[in-house]
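Construct all of the structure, not just a fragment, from the sequences and the given hints.
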Amino acid sequence: MRSLKVVASGFQMNLKMLGTSSFFLLTSIVQPIVFATIAFYMFRAGGRNGTLLYAALGAGMMGVWSTTLFGSGGMIQWQRWQGTLELGAAAPPAMALI
Amino acid sequence: MTAATARVETMAVIEAIELRRTYRTSTGVLRRKPLDVEAVRGISFTVEQGELFGLLGPNGAGKTTTIKMLITLLLPTSGQARVLGHDVVEDAREVRKRIGYVFGGDRGLYERLSARDNLRYFAELYGVSGKAQRTRIDEVLELVGLKGREQERVEGYSRGMRQRLHIARGILHDPEVVFLDEPTIGVDPVGARELRTTIADLIAAGKTVLLTTHYMFEADTLCDRIAVIAKGRIVGEGTPDALKAGVAEGRVTEIDAFGVDEAAVARLRSIEGVTAVTVEEREQKQLLVVQTTGDRELTAPLLAELDGFEVGRVSSREPTLEDAYIALVTAE
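In order, the protein sequences belong to chains A and B.
Mapping the first sequence onto the numbering used here, position 37 (from 1) lands on 33, and the numbers just tick up by one.
Mapping the second sequence onto the numbering used here, position 130 (from 1) lands on 127, and the numbers just tick up by one.
Keep in mind that the hints were calculated from the coordinates and are not lab data.
Here the structure is a predicted model, which is why all the values come from computation and not from measurement.
Hints are not guaranteed to be accurate.
With a cut-off of at most 35 angstroms between alpha-carbon atoms, the simulated DSBU-like pairs for lysine-lysine come out as follows [what the hints assert, rightly or not]:
1) A/K1 <-> B/K94
2) A/K1 <-> B/K128
3) B/K144 <-> A/K1
Not everything, but these chain B residues come out facing chain A in the computed CB check (under 10 angstroms) [as the list claims (entries may be wrong)]:
4) I68
5) R93
6) I96
7) Y98
8) D103
9) R104
10) L106
11) Y123
Listing some non-contacts, in silico: residues in chain B with all C-beta distances to chain A over 12 angstroms [stated by the list, open to error]:
12) R133
13) A189
14) A261
15) T272
16) T290
17) E294
18) G305
For every residue, glycine included, the Cβ atom is placed at its ideal position computed from N, Cα and C.
As structure tokens, then:
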């Protein structure tokens, strides 16, 4: 229960932090749209009927996943620079929960 | 009083026994050569319950490395350390629950969040339960003087306010031991005085505090005992008065001078009876602080060695804690 609370509070805190970054919000919306649009036009030009929707959806998901990866990696790096990562490491809960 | 109670009361809260820490790094780009840097070279000290213990030393002396080993952030290369009887390696979790750690400077806070959000997050990490959380956060905000500003984002805070928030975060879970690593660094005199009051309040509340600082006045005012570290070793330990007494038999001569070079400073150091010479650059002029043994008058030989340089005011005074510190650090 306690572990869940730690994970939930970490999630909430990071969400708040990312929510204040307009750059992150912009990329998390724009990047999937750009990927999906490129895939849409590429597959339409290829003339392969039936695959258009899946290609656009797949590319959009790639965009979402890439934003997630870069966002979370960036958060860890940012916390390291800010000196908050070591405070997390020195806290009682296991590092994996933080 | 039973024997067991007496033993607990006199138990050292922090014990460092022959602590060592070596960092492994490398030099070169293509042909990397491993390099071992000995940051802490076997230091031992104890801090008693309710004591404010100061660690003084120049940059790179090993103060922060020592603190990081005591708060379980770094593993010692050898030696042993215990906090409240718990080994910092074997019982790291127990140690972490019972200590607070505050460091100086701008780092260590979530800038885009408010002070309250910062404190709420750390309250969760330290297991301050939901009901007690709000009350405790209000208490620490009141204690450090940030009440009324807690909803503002930290990025808009002054350095003094950030530092006070650091202290609030460090004592949020009501730890028995607080480690303060240069808490007043870069803070203006008024802010530093307020922080010193907060630190004194911690001691009044029964906490044990380990403080590192560069400011001699601060150490002299606050600390019950001080250890001076230089090049990873403790070179002096005792109460501020005892450390001053170590150089009290000597005299300190201050000489205002202009354009004195290294060779002349070396000549001053070689005079018999001179124990230390430091040069402080003050805009156009230099202030030479010469520590001498008290058994002879050395003003004339000092001025003789400065022949050819422009010399201003010459004065003599009693040694201070800063003089004791300089004598200990430069003797290494």
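How the hints compare with the structure:
1. For a cut-off of 35 angstroms, the pair hint linking A/K1 to B/K94 stands: about 17 angstroms separates their Cα positions.
2. This hinted pair checks out: A/K1 and B/K128 have alpha carbons roughly 14 angstroms apart, not beyond 35 angstroms.
3. With a C-alpha separation of about 27 angstroms, the suggested pairing of B/K144 with A/K1 holds against the 35 angstroms cut-off.
4. A hinted interface residue such as B/I68 counts as satisfied when its beta carbon comes closer than 10 angstroms to some beta carbon of chain A; here the least separation is about 5 angstroms, so the hint holds.
5. For B/R93, the interface hint holds, the least distance from its beta-carbon to any beta-carbon of chain A being 4 angstroms, beneath 10 angstroms.
6. Of the supplied interface hints, the one on B/I96 holds, with its beta-carbon coming within about 8 angstroms of a beta-carbon of chain A, less than 10 angstroms.
7. Annotation: B/Y98 was flagged as interfacial toward chain A, and the flag holds, the nearest CB pair being 6 angstroms apart, inside 10 angstroms.
8. Nearest Cβ of chain A to the Cβ of B/D103: about 8 angstroms, under the 10 angstroms cut. The hint holds.
9. Among the interface hints, the one on B/R104 holds; its C-beta lies about 3 angstroms from the nearest C-beta in chain A, closer than the 10 angstroms criterion.
10. At a threshold of 10 angstroms, the smallest CB-CB gap from B/L106 to chain A is about 7 angstroms, leaving the interface hint in force.
11. Annotation: B/Y123 was flagged as interfacial toward chain A, and the flag holds, the nearest CB pair being 6 angstroms apart, inside 10 angstroms.
12. Under the 12 angstroms C-beta cut-off, the non-interface status given to B/R133 relative to chain A holds; the minimum distance is some 15 angstroms.
13. Separation of B/A189 from chain A is adequate, the least Cβ-Cβ distance of about 21 angstroms exceeding the 12 angstroms criterion.
14. At the 12 angstroms boundary, the C-beta of B/A261 stays outside the reach of chain A, the nearest C-beta of that chain being 43 angstroms off.
15. With 12 angstroms as the threshold on Cβ separation, the claim that B/T272 sits away from chain A holds: the shortest Cβ distance comes to roughly 39 angstroms.
16. Taking the minimum C-beta to C-beta distance to chain A, about 45 angstroms, the non-interface status of B/T290 holds against the 12 angstroms cut.
17. With a minimum CB-CB distance of about 51 angstroms to chain A, B/E294 clears the 12 angstroms threshold, and the non-interface call stands.
18. Every Cβ of chain A is farther than 12 angstroms from the Cβ of B/G305; the closest lies at roughly 50 angstroms, confirming the non-interface assignment.
Every hint, counting from the list given before, is met by this structure.
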